Structure formats: C-alpha cells, structure tokens
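Peer 1: Here is what each chain is made of, one letter per residue.
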Amino acid sequence: MDLENQARIKALAEKYGREHLVVILGGAEAEASGLAAETVTTGDPTYAGPLAGVQLELPVYHIFELQNQITSEIWEAQISLMELVLDVDAIKQEVATYRIQK
Amino acid sequence: MIDLKGKKAIVLGDRDGLPGPAIGECLVSAGAELFFLQPNVLSELRQEPWT
Chain A
159 MDLENQARIK ALAEKYGREH LVVILGGAEA EASGLAAETV TTGDPTYAGP LAGVQLELPV
219 YHIFELQNQI TSEIWEAQIS LMELVLDVDA IKQEVATYRI QK
Chain P
5 MIDLKGKKAI VLGDRDGLPG PAIGECLVSA GAELFFLQPN VLSELRQEPW T
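So the sequences go chain by chain: A and P.
Using my numbering, count along the first sequence one by one with no gaps and you end on 260.
Using my numbering, count along the second sequence one by one with no gaps and you end on 55.
If you're looking for bench data, these hints aren't it; they were derived computationally from the structure.
Note that the structure is predicted; figures quoted are calculated from it, not measured.
From the three backbone atoms N, C-alpha and C, an ideal C-beta is built for every residue, glycine too.
Some clues are possibly wrong.
Unchecked claim - Not the full set, but computed from the structure, chain A residues with beta-carbon under 7 Å of chain P: (1) His178; (2) Val180; (3) Gln236; (4) Leu239.
What the hints assert, rightly or not - A short list of chain A residues far from chain P (calculated; beta carbon distances all over 10 Å): (5) Asn163; (6) Gly185; (7) Glu187; (8) Ala194; (9) Thr200; (10) Gly201; (11) Ala210; (12) Val212; (13) Gln227; (14) Asp247; (15) Tyr256.
Okay, chain A solo, but in the shape it has when bound (with noise of 0.2 Å):
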C-alpha cells in the first residue's frame, strides 16, 4: 500500500476510532489483499510507511466475503463477473487469516 493510503488510513482511524471503521478490499490476487490487510491490522510488513509497527487492528474484509449483506441485483451487476475469473476462495482464506490473528 502506497505511503500516502497509509497516512491516511491512519488519520482516520486516529480521529474516528476502529469500532466504527471497515476496511473493503476488492483485490484481484490473494497475496496483494493480504498485504493489504496485514498493513491496516498488525501494520506496514514493508517498514517503509506510516503504518510500520502500528497495529491499526482494523476490521477488514475483501468484498467477496459480504456477498451476504448485498443486494443479488447490485452484486449481479457489479462484483459477479470477477467471481468467474478470480481465486475467490485463495482471496477469502487469505484475507480472513490476518482478521482471526488480531
């Protein structure tokens, strides 16, 4: 995650705490989502960011994981068609491994 994402990201959960905050993500391999959300949990892995050592432990979930709380005609016209082409289940582990952890 870019340097400028992270400042942000941390920004807003200074100013308006982790209980009322989600991470969405909507990444295409499983090991960029799970970079991703090891950075807004545990922290920047790289070091090289605001969030290196800050452990955010933001709620985080890639969208194919809340498949449930989306209406079946907006997931059908907006999140459907990846399905086919993506490791969604490779996504979903990954993903879920950082969230168990914090």
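Take the given structure of chain A and dock chain P to it, following the hints.
Peer 2: What follows is chain P alone, placed relative to chain A:
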C-alpha cells in the same frame, strides 16, 4: 460477520480486480457510509518490469 449498516467504509479497490466504485455501490446498498475510496491502490503493490 460484520454488519455494514452505519459503518464508515474505507474502500481499497483494484483496477485489475474489483474497482472502488463497484465496491462502493455494493456497500451503499448495504447501508454503509463511503468514507474513503481509492480505486487503484492495490495495483500499486505490484512492481512493473524494467524496460
């Protein structure tokens, strides 16, 4: 599973996966408040090959 209703959602989309606006539309329908929307942030994690 988290209840999205009333949550302030930070959306990190991916132009090669699910773009931010598409995720945002889903979240609004579930009652979340779009708080920060970055369409392409995850794509920036990948390194481009040298040319």
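Peer 1: All hints, please: hold or fail.
Peer 2: Hints, one by one, checked against the model:
The closest approach between the C-beta of His178/A and any C-beta of chain P is roughly 5 Å, which is under the 7 Å cut-off, so the hint is satisfied. This hint holds: Val180/A has a C-beta 5 Å from the nearest C-beta of chain P, less than the 7 Å allowed. The interface hint given for Gln236/A is met, as the beta carbon of that residue sits about 4 Å from the closest beta carbon of chain P, less than 7 Å. Checking Leu239/A against chain P by beta carbon gives a least distance of about 10 Å; that is not within 7 Å, so the hint is violated.
A beta-carbon of chain P comes within 10 Å of the beta-carbon of Asn163/A; the shortest separation is about 5 Å. Against the 10 Å criterion, Gly185/A falls within the reach of chain P, whose nearest CB is about 4 Å from its own CB. A cut-off of 10 Å between C-beta atoms contradicts the statement that Glu187/A is not in contact with chain P; the least separation is 7 Å. With 10 Å as the threshold on Cβ separation, the claim that Ala194/A sits away from chain P is violated: the shortest Cβ distance comes to roughly 6 Å.
Non-interface call for Thr200/A relative to chain P: holds, since the shortest CB-CB distance, roughly 16 Å, exceeds 10 Å. Against chain P, the non-interface label of Gly201/A holds: every CB pair exceeds 10 Å, the least being about 16 Å. A cut-off of 10 Å between C-beta atoms confirms that Ala210/A is not in contact with chain P; the least separation is 16 Å. Every beta carbon of chain P lies more than 10 Å from that of Val212/A, the smallest distance being close to 15 Å; the non-interface claim holds.
Not every C-beta of chain P lies more than 10 Å from that of Gln227/A, the closest at about 4 Å, which undercuts listing it as non-interface. Annotated as non-interface, Asp247/A keeps its C-beta farther than 10 Å from every C-beta of chain P; the closest such distance is 15 Å. Even its closest Cβ contact with chain P, about 13 Å, leaves Tyr256/A beyond 10 Å, as expected for a residue assigned away from the interface.
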